[in-house]
Amino acid sequence: MRANVFGFMPYPLQVLVGLLAYRSMSATLYGQGISRFSAEEISAFRTQIWESFDALLVGSKRKGSVRDDSPFWLLGGTGPSEADSVLGPESRKIVKSFPALLDYAERIHSRYFPDYAQWERDLC
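This note's numbering numbers the first residue of the sequence shown as 186 and each following residue consecutively.
Mixed in with the good hints there might be a few duds.
[To be verified] Label pairs and their calculated CB-CB ranges:
1. Q199 to R221: 23 to 33 Å
2. S220 to M194: 26 to 36 Å
3. G262 to Y207: 35 to 45 Å
4. Y196 to P284: 50 to 60 Å
5. I234 to I293: 17 to 27 Å
No lab work stands behind these hints: they were computed from the structure. The beta carbon of each residue, even a glycine, is placed where N, CA and C say it ideally should be.
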């Protein structure tokens, strides 16, 4: 991959520039806090994030006048927002433990993506 980006440079210079870029990126990630957490801490953060999404969706569903089959939105508005577009589940087990998240995903799927196969609830 290094040769694709730095192919115009001699090989020793490719290695040197690659190492400098790696060191700079590692320092940036550490400075931002990204590489400071263990796998267990990241898993706990992920669970907390999904719990927060679930609480927002429960509140949004309660306060809105939602028909049985119509979608409800994360921030409770009349249409989707940026928050709804980034709510793609990456952690299937965690997401499937929250009924409001499942209801949210199923309503969005049936309304906007009926042509695509829907995953089943019992898969974990």
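Status of the hints after comparison with the structure:
no., hint, in the structure
1, Q199 to R221: 23 to 33 Å, "holds, 30 Å"
2, S220 to M194: 26 to 36 Å, "holds, 28 Å"
3, G262 to Y207: 35 to 45 Å, "holds, 43 Å"
4, Y196 to P284: 50 to 60 Å, "holds, 57 Å"
5, I234 to I293: 17 to 27 Å, "holds, 18 Å"
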